[in-house]
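Produce the entire structure from the sequences given, and follow the hints as far as they go.
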Amino acid sequence: MNKVCADARSALAGLLKDGMIIMAGGFGLCGIPETLILAIRDSGVKNLTVISNNAGVDGKGLGILLDTKQVKKMISSYVGENKTFMNQFLAGELEIEFNPQGTLAERIRAGGAGIPAFFTRTGYGTQIAEGKETREFDGERYVMERGLIADLSIVHAYRGDTEGNLAYRKTARNFNPPMATAGKVTVAEVEHLVKPGDINPDHIVTPGIYVKRMIHVPNAVKHIEQRTLRKRQRADALAGTGAEV
Amino acid sequence: MAWTREQMAERAARELRDGFYVNLGIGIPTLVSNFIPAGMSVQLQSENGMLGTGPFPFEGEEDADLINAGKQTVTELPTTSYFNSADSFAMIRGGHIDIAILGAMQVAENGDIANWMIPGKLVKGMGGAMDLVGGVKKVVVVMEHSAKGESKLLHRCNLPLTGAGVVDMVITDLGVFTIDRKNRSGMTLIELAPDVTLDEIKGKTQASFKVANTLKH
Numbered sequence: 001m002n003k004v005c006a007d008a009r010s011a012l013a014g015l016l017k018d019g020m021i022i023m024a025g026g027f028g029l030c031g032i033p034e035t036l037i038l039a040i041r042d043s044g045v046k047n048l049t050v051i052s053n054n055a056g057v058d059g060k061g062l063g064i065l066l067d068t069k070q071v072k073k074m075i076s077s078y079v080g081e082n083k084t085f086m087n088q089f090l091a092g093e094l095e096i097e098f099n100p101q102g103t104l105a106e107r108i109r110a111g112g113a114g115i116p117a118f119f120t121r122t123g124y125g126t127q128i129a130e131g132k133e134t135r136e137f138d139g140e141r142y143v144m145e146r147g148l149i150a151d152l153s154i155v156h157a158y159r160g161d162t163e164g165n166l167a168y169r170k171t172a173r174n175f176n177p178p179m180a181t182a183g184k185v186t187v188a189e190v191e192h193l194v195k196p197g198d199i200n201p202d203h204i205v206t207p208g209i210y211v212k213r214m215i216h217v218p219n220a221v222k223h224i225e226q227r228t229l230r231k232r233q234r235a236d237a238l239a240g241t242g243a244e245v
Numbered sequence: 001m002a003w004t005r006e007q008m009a010e011r012a013a014r015e016l017r018d019g020f021y022v023n024l025g026i027g028i029p030t031l032v033s034n035f036i037p038a039g040m041s042v043q044l045q046s047e048n049g050m051l052g053t054g055p056f057p058f059e060g061e062e063d064a065d066l067i068n069a070g071k072q073t074v075t076e077l078p079t080t081s082y083f084n085s086a087d088s089f090a091m092i093r094g095g096h097i098d099i100a101i102l103g104a105m106q107v108a109e110n111g112d113i114a115n116w117m118i119p120g121k122l123v124k125g126m127g128g129a130m131d132l133v134g135g136v137k138k139v140v141v142v143m144e145h146s147a148k149g150e151s152k153l154l155h156r157c158n159l160p161l162t163g164a165g166v167v168d169m170v171i172t173d174l175g176v177f178t179i180d181r182k183n184r185s186g187m188t189l190i191e192l193a194p195d196v197t198l199d200e201i202k203g204k205t206q207a208s209f210k211v212a213n214t215l216k217h
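Residue numbers (my numbering), protein chains in the order written: chain S, 1 to 245; chain W, 1 to 217.
These are calculated hints, taken from the structure and not from any lab test.
Be aware that one or more of the hints could be misleading.
Capping the alpha-carbon separation at 30 Å, the derived lysine-lysine pairs in DSS-like fashion look like this [claimed, not checked]:
1. K132(S) - K124(W)
2. K210(W) - K83(S)
3. K121(W) - K69(S)
4. K121(W) - K83(S)
5. K212(S) - K231(S)
6. K132(S) - K195(S)
7. K17(S) - K3(S)
8. K121(W) - K210(W)
9. K170(S) - K138(W)
10. K195(S) - K184(S)
11. K222(S) - K60(S)
12. K170(S) - K184(S)
13. K83(S) - K73(S)
14. K72(S) - K212(S)
15. K137(W) - K170(S)
16. K124(W) - K148(W)
17. K222(S) - K83(S)
18. K121(W) - K46(S)
19. K148(W) - K83(S)
20. K121(W) - K73(S)
21. K138(W) - K132(S)
22. K202(W) - K132(S)
23. K72(S) - K121(W)
24. K202(W) - K137(W)
25. K124(W) - K222(S)
26. K60(S) - K202(W)
27. K132(S) - K204(W)
28. K182(W) - K72(S)
29. K138(W) - K216(W)
30. K121(W) - K132(S)
31. K202(W) - K17(S)
32. K124(W) - K170(S)
33. K148(W) - K73(S)
34. K46(S) - K222(S)
35. K184(S) - K231(S)
36. K121(W) - K216(W)
37. K46(S) - K124(W)
38. K138(W) - K60(S)
39. K69(S) - K124(W)
Structure below.
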């Protein structure tokens with residue numbers, strides 16, 4: 001059993017079909033599986049429903065699949081940074097289903113955990129709850145939300161061993177671990193591919209059972225959306241004030 | 001004289017307590033981190049999966065894998081921990097975050113808040129706002145009192161809601177209001193910005209409110 005594929009194209013071979021549902025990890029452009037996204041573009045598969053917190057920016061992340069009009073519908077919490085998205089949406093070429101970010105994350109977690117639906121306070125009394133079952137528990141009102149499962153999940157991890165065990169780096173973790181559990185098939189791209197035992201078992205975040213195929217992306221390009229900096233002088237001035245900004 | 005953005009942030013920071021876990025929204029709320037009193041330990045949560053969010057990095061030290069919920073580059077602290085998005089919102093929904101400070105387009109006297117969409121305009125999405133207002137123990141809104149001459153404090157919001165009956169406090173450039181949403185007893189003015197008169201704030205507020213006996217000027 002070999003999970004490691006030579007490249008993104010072979011890792012996705014036989015998995016792509018028009019009209020399928022794909023989950024893509026990442027928050028903004030942080031922790032996105034961009035090498036796999038590029039291979040999905042090159043495959044020409046279309047009419048995709050993509051579940052991802054955001055929709056990339058123009059030409060980056062999921063913006064790549066929007067540019068080529070391969071996406072029919074997005075399920076996301078925030079899509080504000082993408083002009084192509086807005087233009088296609090206004091032209092009626094693209095559907096959007098907005099989910100509160102926590103509801104989206106929990107729908108994915110629930111899907112992966114075999115939970116078809118759950119109740120949450122989030123969105124009660126708002127238009128998000130319209131048409132959904134609501135119930136009272138202990139005097140509070142809750143909205144029923146459904147679990148989500150994808151035909152394919154694509155995720156990005158920092159380290160992965162050849163068994164598919166994954167570990168993430170800093171805030172690039174985000175939606176990747178829950179999405180890895182909620183794909184009928186999950187394909188992971190890893191920056192550092194190591195042999196079993198090289199990742200401390202205590203530090204494995206996604207156990208290999210969730211990962212069917214993987215690729216090594218040692219030169220993955222990482223994007224920064226908002227490069228915010230502080231000046232050295234200001235930091236000196238702040239030193240000793242206890243400010244944690 | 002009405003409060004500046006910085007003074008509104010400074011006022012909001014007075015709601016923080018030692019040991020609090022805090023989520024700050026984008027805009028004026030972000031400035032609150034500049035006014036955390038010396039000696040007070042407060043951990044900032046970033047809903048993309050970080051607790052203990054540090055300041056912006058120095059030039060050359062920015063890391064694409066280390067951003068806050070506004071997608072800005074940030075840094076790590078000795079107290080930092082990372083977790084996935086589902087865990088992050090479990091923390092929020094589960095009531096473990098002490099206070100959320102966020103902006104709004106409208107707040108109603110019953111604690112309803114609208115801050116995510118204007119019908120007929122391009123909608124970008126609610127992000128984590130609905131989860132935050134629904135899950136965090138105390139919700140403080142910091143916003144301008146009026147927009148284009150119209151009060152943003154209303155009897156009822158006319159924009160689509162982000163949350164129903166969820167706001168505990170509103171800090172505007174003119175004053176501070178509390179909302180007793182648990183007892184549904186409405187909104188109370190507790191503080192006025194310097195040189196703002198009661199008549200002035202009444203004239204600029206559509207929402208009904210009581211005036212606290214202890215009103216501070």
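So, going through the hints one by one against the coordinates:
{"no.": "1", "hint": "K132(S) - K124(W)", "in the structure": "holds (22 Å)"}
{"no.": "2", "hint": "K210(W) - K83(S)", "in the structure": "violated (45 Å)"}
{"no.": "3", "hint": "K121(W) - K69(S)", "in the structure": "holds (23 Å)"}
{"no.": "4", "hint": "K121(W) - K83(S)", "in the structure": "holds (14 Å)"}
{"no.": "5", "hint": "K212(S) - K231(S)", "in the structure": "violated (45 Å)"}
{"no.": "6", "hint": "K132(S) - K195(S)", "in the structure": "violated (47 Å)"}
{"no.": "7", "hint": "K17(S) - K3(S)", "in the structure": "holds (21 Å)"}
{"no.": "8", "hint": "K121(W) - K210(W)", "in the structure": "violated (35 Å)"}
{"no.": "9", "hint": "K170(S) - K138(W)", "in the structure": "holds (28 Å)"}
{"no.": "10", "hint": "K195(S) - K184(S)", "in the structure": "holds (25 Å)"}
{"no.": "11", "hint": "K222(S) - K60(S)", "in the structure": "holds (10 Å)"}
{"no.": "12", "hint": "K170(S) - K184(S)", "in the structure": "holds (26 Å)"}
{"no.": "13", "hint": "K83(S) - K73(S)", "in the structure": "holds (16 Å)"}
{"no.": "14", "hint": "K72(S) - K212(S)", "in the structure": "holds (26 Å)"}
{"no.": "15", "hint": "K137(W) - K170(S)", "in the structure": "holds (27 Å)"}
{"no.": "16", "hint": "K124(W) - K148(W)", "in the structure": "holds (22 Å)"}
{"no.": "17", "hint": "K222(S) - K83(S)", "in the structure": "holds (20 Å)"}
{"no.": "18", "hint": "K121(W) - K46(S)", "in the structure": "holds (28 Å)"}
{"no.": "19", "hint": "K148(W) - K83(S)", "in the structure": "holds (27 Å)"}
{"no.": "20", "hint": "K121(W) - K73(S)", "in the structure": "holds (20 Å)"}
{"no.": "21", "hint": "K138(W) - K132(S)", "in the structure": "holds (27 Å)"}
{"no.": "22", "hint": "K202(W) - K132(S)", "in the structure": "violated (39 Å)"}
{"no.": "23", "hint": "K72(S) - K121(W)", "in the structure": "holds (21 Å)"}
{"no.": "24", "hint": "K202(W) - K137(W)", "in the structure": "holds (29 Å)"}
{"no.": "25", "hint": "K124(W) - K222(S)", "in the structure": "holds (24 Å)"}
{"no.": "26", "hint": "K60(S) - K202(W)", "in the structure": "violated (49 Å)"}
{"no.": "27", "hint": "K132(S) - K204(W)", "in the structure": "violated (38 Å)"}
{"no.": "28", "hint": "K182(W) - K72(S)", "in the structure": "violated (43 Å)"}
{"no.": "29", "hint": "K138(W) - K216(W)", "in the structure": "holds (22 Å)"}
{"no.": "30", "hint": "K121(W) - K132(S)", "in the structure": "holds (25 Å)"}
{"no.": "31", "hint": "K202(W) - K17(S)", "in the structure": "violated (61 Å)"}
{"no.": "32", "hint": "K124(W) - K170(S)", "in the structure": "holds (26 Å)"}
{"no.": "33", "hint": "K148(W) - K73(S)", "in the structure": "violated (36 Å)"}
{"no.": "34", "hint": "K46(S) - K222(S)", "in the structure": "holds (26 Å)"}
{"no.": "35", "hint": "K184(S) - K231(S)", "in the structure": "violated (47 Å)"}
{"no.": "36", "hint": "K121(W) - K216(W)", "in the structure": "violated (39 Å)"}
{"no.": "37", "hint": "K46(S) - K124(W)", "in the structure": "holds (24 Å)"}
{"no.": "38", "hint": "K138(W) - K60(S)", "in the structure": "violated (37 Å)"}
{"no.": "39", "hint": "K69(S) - K124(W)", "in the structure": "holds (19 Å)"}
The structure shown violates the earlier hints numbered 2, 5, 6, 8, 22, 26, 27, 28, 31, 33, 35, 36, 38.
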